[in-house]
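Enquirer: Those protein sequence lines, which keep their order, are chains A and B. If you read the first sequence in the working numbering, its first letter stands for residue 1, the second for the next number, and so on. If you read the second sequence in the working numbering, its first letter stands for residue 587, the second for the next number, and so on.
No wet-lab data here; the hints were simulated from the structure. Treat each hint with caution, since some may be false.
[Claimed, not checked] Okay, derived cross-link-like pairs now, DSS-like style, lysine-lysine, Cα gap no bigger than 30 angstroms in a straight line:
#1 B:K804 / B:K770
#2 B:K933 / B:K804
#3 B:K694 / A:K328
#4 B:K759 / B:K804
#5 B:K861 / B:K933
#6 A:K209 / B:K694
Each chain, written out:
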Amino acid sequence: MSAVAAGTAPARRSKLKFGPLWLAVPGLVFLAVFFAWPVAQLLGLSLVDSETGGFSAGAYQRIAATDVYLRVLGITFRIAGWTAFWSLLIGYPLAYWLARLPDMFRGRMLLFVMVPFWTSYLVKTFAWMIVLGRSGIINSLATGSGLVDQPLPLLHNMFGVMVGMVHAMVPLAVMTMLPVMTGIDRRLVQAAQTLGAAPARAFWLVYFKLSLPGVAAAGLLVFISSLGFFIVPAFLGGRQETMLAQLIITQVQELLNWSFAGALAAMMLAAALVSCWIYDRLFGISTIAGGSAQAGAGRIRDLGLAILGVVGDIAGRVSAVAQRVLGKRACAALLPGFCWLVIGFLVLPTLLVIPLAFTSSQFLEFPPPGYGLGWFRTYFESPLWLQATLRSFGVAFVTALAATAIGGFAALALAHSRTRWGGLIFAFFLAPMIVPRIVIAVGLFYLFARMGLIATDLGLIIGHTVLAIPFTLVTIAAVLKTYDQRLDQAAATLGANRVRTLTGVTIPLVKGGLVAAFLFAFITSFDELTIAIFVSGGVKTTLPKQMWDDMILQLNPTLAAVSVVVFVVVTAMLLLAERFRSSSSS
Amino acid sequence: MTANQPKSAKLVVEGLGKRYGATTALEPSSLSVAEGEFLTLLGPSGSGKTTLLQLICGLVEASEGRVVIDGRDQSSMPVHQRDIGLVFQHYALFPHLTVAENIAFPLKMRGRPSAEIAGRVASTLDMVHLGHLAGRFPRELSGGQQQRVALARCFVYQPSIILMDEPLGALDKKLREHMQIEIKRLHRESGATIVYVTHDQEEALAMSDRICLMNHAKIEQLGTPREIYERPRTAFAADFIGISNIFRGQWDGNGALDTPHGRFALPSGANCQSKDAALVIRPENLHLGERDGNAVSGRVSEIVYAGSETRVIAALGDGSPLVLRLGPDDPVPAIDQAIVAGWARDKAVLVA
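Start from the sequences, fold in the hints, and give me the full structure.
Expert: Structural data, given as structure tokens:
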């Protein structure tokens, strides 16, 4: 940019300087109107008395005074905290293993994380209901083999919720940690070893320390995402595991108590923001976007290094003993063995749904007594399911177009501009990923109710576009980052104007990234339930909303058939997106 | 300096080799490094020099052969227990530790008391003139300063052998020459045994006691810089080190070589394993006019004035270039002038 502008007169230069940032304006306006405004309004609403319309802290007083709400708040934090803990514990070795694989092989293995990541929460939850239920797969195997007389209580309790939550969140944890880990120079660990550190000690003192920003970022994202969960606790938990988001849904849908729902949402948002703030204090928020961590100073840093020193020392001794007891080869097999177990945990439950979709039985029994296409026929012959499917496809398609255009222009603007506001603008575009979806959904519901957009496709498209923009922005920004901007400058010196440069040079070269962004946005919308619950009403439902309604009523094999269709569509899109993305970056 | 009076062998490599499936990274190679010696592994990329280095320090497991340090077989010793130091190509400084903490790292790993660590870190920092930067982080330093930290981190624990993997590759020319002198000084002051990897022949000539020239995954020639420069054994060695005029031809088994440019008299006692041989003449040994019956004729195509010398490049009859170096007092021919150049027969070297 600066090199192109260098030839023009100084007077024009100051005007041009703001040039590329204009490309981000449509996105900024869109997010301001359909994201920042409704969320702010919802928070304001929590301070308004529903009857008098005046200022009132009544909603918050009611929360503080009612035991039930405080308990739900406590449960929500506890579940989110434990989910983050277990996701990190299980995800770290997997991410470490993936980071050490050769690039070619890693891309392929990563699909075992990507597919569960993008698989619909509804499908995953449905799968666990089948696996963990009273007459589910595990219990029929356990009672059938005579291991236990009574079916184990695996569902509708804390155990069920944790399994579902951790299963849903490990992929996010791995995908957040992985870029940090692949960015760690492997020679540093080698260097530590040549300087006399045993391998286990070198790992803790150097590798683990350098991967900490990734671990913290993953913990933060998992924690915040978990705070807003309602699908998993609704189906896998009992009354004891009710979470905040479920409470908000009840307040809005059944009790129509806006100010109270607003207060609950405000608390959830506050919890998310406080977590972000603590993270920023400790690690610097830019590390989430892949920036380098600021080195902490003073006593905290010394203490951290000292703790790692002790941990490294102990680990060195433990591994020495383990090597002696188990032998070198068995020790080397521990990590891959564990990682394949985790991959099995991530992938298998969803795959178990597939045979059930082809069952000839009226019930979801495993293994199916016979096979047939009956339930697919039921699915495709039901106008309700069919319309929901078609609507989901249509909404997802338009959403993907809109989000790719908005995200693409924003990425272009940020890549070309050297403004110091760049970081802030980037953070704003990513905010829909940080703010719990339920907060956005309730805010949009309130806004749309007054605009007459409830139960319209346009309302769904707007809501889904808000959610999809962060994904498209990140995908396209990553491609533009590796894009050599001198090519644009070369095109300019060869006589191409701005538009010709964009259409003739930039877009053809980043095409793969654009297609990948489009597909990611498509999947985001196709899977989306939270906004659909509020915004799609009556007969105008989407596929996930229809699944949700059916799952609440009763589990049936049609759901398995629908799940298989959703799973296949999403996986196909994902494989396609990955192919385009890798073709663009190479 | 030490090559003339060999001391005890510090490092002995015996038949060390590495294969990855069908490809050979290093043919079984043997060499011995004396205590206090500065040995350079020199060769083009892919010649096996970095593989040899990694095998010596244990970062790569050997397919065959032995590594003996101070008379003890270290072949199966894990990296962290071999008493070696490695200066990495891009320094590999720990980004989360300060300069002083980086240098203290190897001492801490060896469980030295903290008073001793503090003292040795301070004195080593002074040795590399970085005492004022002890509290900085590596990313706050310039390339040359990072290089010094990497050296200090290695010298501080006085390992038996210090290995350096193209340590100056990332620096610009001026700084590189400065650091070459710095490394020589550290070598002299510490008396350390150093095995140094580079692809830069000038660097190798300037720094080494001995050079181990490598090509195609094996050792091509091992000797002092003077030996390799003046008595190259192969055309590759002659071509890789310094500038050479090489005439390929057929050896008559006696005192002459038949080449497309004529029949040349060989230095007395010249010998070669095969009939296919080549004659190497350095530019400074070529003179205008015939000498000892050896002469080639060509046309001047370029004249390069380089201060202390003037280099004349001429095209021979078949277009191949001939380089000769003129002293400050020699008459300089004109471009396109036809010239005859010759050399004293004993100044040429017959190589395989």
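Enquirer: Decide, hint by hint, whether the structure agrees.
Expert: Outcome of the hint check:
Restraint check: the Cα-Cα separation between B:K804 and B:K770 comes to about 27 angstroms, which is no more than 30 angstroms; the hinted pair holds. For the hint linking B:K933 to B:K804, the alpha-carbon distance of about 28 angstroms falls within 30 angstroms, and the restraint holds. Proposed proximity of B:K694 and A:K328 is supported: the alpha carbons are some 26 angstroms apart, at most 30 angstroms. A hinted pair counts as satisfied when its Cα atoms are at most 30 angstroms apart, and B:K759 with B:K804 qualifies at roughly 29 angstroms.
For a cut-off of 30 angstroms, the pair hint linking B:K861 to B:K933 stands: about 21 angstroms separates their Cα positions. A hinted pair counts as satisfied when its Cα atoms are at most 30 angstroms apart, and A:K209 with B:K694 qualifies at roughly 17 angstroms.
In this structure, none of the earlier numbered hints is contradicted; all agree with it.
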